[in-house]
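Colleague: Here's the letter readout for the chains.
Number of protein chains: 2
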Amino acid sequence: MPPELQRIGLVHSCFREKFGIPRQPGLVAEARAEIEILPPFDRDEAFSGLDSFSHIWVIFVFHQCQTENGQGQWKATVRPPRLGGNQRVGVFASRSTFRPNPLGLSVVKFEGMARRQGKLYAQISGVDLLDGTPVLDIKPYLPYADSLAGARSGYAPQAPPSQGRLRFSEQAQAQCQQFARDYPGGHAALYRLIEGLLRLDPRPAYRRNTQDRSERYAMRLLDFDLHWELRGDDIHVLVLAQVDGDSTG
Amino acid sequence: MPPELQRIGLVHSCFREKFGIPRQPGLVAEARAEIEILPPFDRDEAFSGLDSFSHIWVIFVFHQCQTENGQGQWKATVRPPRLGGNQRVGVFASRSTFRPNPLGLSVVKFEGMARRQGKLYAQISGVDLLDGTPVLDIKPYLPYADSLAGARSGYAPQAPPSQGRLRFSEQAQAQCQQFARDYPGGHAALYRLIEGLLRLDPRPAYRRNTQDRSERYAMRLLDFDLHWELRGDDIHVLVLAQVDGDSTG
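So the sequence lines, in the order shown, correspond to chains L and Z.
Throughout the first sequence, residue numbering follows numbering that gives the first Met the number 0, covering 0 to 248 in sequence.
Throughout the second sequence, residue numbering follows numbering that gives the first Met the number 0, covering 0 to 248 in sequence.
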């Protein structure tokens, strides 16, 4: 019988909407998040020994891909971005977020546990997790069982390439300096986050295939909307526009 | 909100009880299973393209570790066999089957899809899955995202060692020949399965720590009970006793 699942945690992430999230974990090392451990699971001893592991598995819910009764929205086939968005494969041959059971699986870097104002947090990086994501399980990553370097993987043999060069408008540069004041690691870290994300080219596959590169894009990141456009091989960051806080944090 | 989960599949495995199952996948290559894909998910196109992947993730339910309402039976700390069974770590720092949400995660070798008598099966090997296990999701293994050879893993840095030498009694040898008639791969394959399992030493950690090696053990495998005892460094297979079929297959 399928289990009655409970949230053991809740993700607070730099990613406030789906657009722009790296398509797998580990692609942007600077992408940080915290998993707030929810009662009754927020006991220090339940995580004792986890600090001897460098990486953890997070099993979570694709909560924005559910029907009203909580089931997955799915079709038998999907069009993975890696195939240019115009070739279909079976949903079980993909890591699509639209699945019969809306379960996600990500290995992330484990930075440690922290307790603030009575709440317990697991700090992680290299994430591809949306803010507000319900977490169902945390397990240690075991290289001897989980790491299969020689495994054959059909249409996605390598990480998607990083490409292009980042250019900031004067306005964006000043705004980046300002937002960096509250960002752990300061300006250099915030710059690396923006650079890592935009060089992965978050545009939908059907846009990438067009010659028209003049369109302007925006993604919500932390507490701002990041606006950019492409000019030749350059990624021009135009504006970092403050938004009213609507995060779960 | 946690999802309403549905079984997408049901495992038919050589492992008919928990005792003796390898503690992680990949440890006994010969351990085979099939996932019967359940309606409405048993459509060929939902698996199209999966044959270009050598390995798949199986997310499943530890169905023998649930409470009556389907939740996980758990404690904040567990005693992993790898630590000799006498040292405690947090449940989230372990791969214990007793977890707040009874979710299991195994990467297994994908041998292909098969259709028999109208039913669709995913054939897998190197499994650590109990017969009757409900499957919630199948995802392709992506080495670029999932394989972290350099990850640090505290108390379980390497696969548990295989040890000892297998000896068969005359009776066991004859019985093994007989059971091998119905086993795919025949006698050599069945021998490798038994050897792989017993050389992992399935005994509970508290037994391994005793000097008394005279006890006799038994595990249910396929349609027989496999009886063995230890004599010095030798693993003596005594009897393969036929049992009445109670499998889900």
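The set of hints was computed from the structure by calculation and includes no laboratory data.
Each residue gets a CB set at the ideal place from its N, CA and C atoms; glycine is no exception.
Keep in mind that a hint or two might mislead.
Stated by the list, open to error - If you want the ones that stay clear, here's a sample from chain L, every Cβ over 10 Å from chain Z, calculated:
no.: 1; residue: 3
no.: 2; residue: 46
no.: 3; residue: 69
no.: 4; residue: 100
no.: 5; residue: 138
no.: 6; residue: 158
no.: 7; residue: 230
As the list claims (entries may be wrong) - In the BS3-like style, the derived pairs of lysine-lysine whose C-alpha atoms are separated by at most 25 Å in a straight line are:
no.: 8; chain 1: L; residue 1: 74; chain 2: L; residue 2: 17
no.: 9; chain 1: L; residue 1: 17; chain 2: L; residue 2: 108
no.: 10; chain 1: Z; residue 1: 108; chain 2: Z; residue 2: 17
no.: 11; chain 1: Z; residue 1: 108; chain 2: Z; residue 2: 118
no.: 12; chain 1: L; residue 1: 118; chain 2: Z; residue 2: 74
no.: 13; chain 1: Z; residue 1: 17; chain 2: L; residue 2: 74
Unchecked claim - Counterexamples of contact, computed for chain Z against chain L with all Cβ distances above 10 Å:
no.: 14; residue: 52
no.: 15; residue: 110
no.: 16; residue: 140
no.: 17; residue: 154
Colleague: The structure should be examined with respect to each hint, and the outcome stated for every one.
Modeller: Hints, verified against the model:
1. 3: violated (4 Å)
2. 46: violated (4 Å)
3. 69: About 4 Å separates residue 69 of chain L from the closest Cβ of chain Z, which leaves it inside 10 Å; violated.
4. 100: With a cut-off of 10 Å, residue 100 of chain L comes too close to chain Z, as the shortest Cβ separation is near 5 Å.
5. 138: It is violated; residue 138 of chain L is separated from chain Z by about 6 Å at its closest Cβ, not greater than 10 Å.
6. 158: violated (4 Å)
7. 230: About 29 Å separates residue 230 of chain L from the closest Cβ of chain Z, which puts it past 10 Å; holds.
8. L/74 / L/17: holds (19 Å)
9. L/17 / L/108: Holds - the C-alpha atoms of residue 108 of chain L and residue 17 of chain L are around 21 Å apart, at most 25 Å.
10. Z/108 / Z/17: Since the Cα atoms of residue 108 of chain Z and residue 17 of chain Z sit roughly 21 Å apart, the hinted pair holds (cutoff 25 Å).
11. Z/108 / Z/118: holds (21 Å)
12. L/118 / Z/74: Holds, at roughly 20 Å.
13. Z/17 / L/74: violated (35 Å)
14. 52: Label violated. Min Cβ-Cβ 5 Å, cutoff 10 Å.
15. 110: holds (13 Å)
16. 140: violated (5 Å)
17. 154: violated (7 Å)
Checked against the numbered hints above, the structure breaks hints 1, 2, 3, 4, 5, 6, 13, 14, 16, 17 and satisfies the rest.
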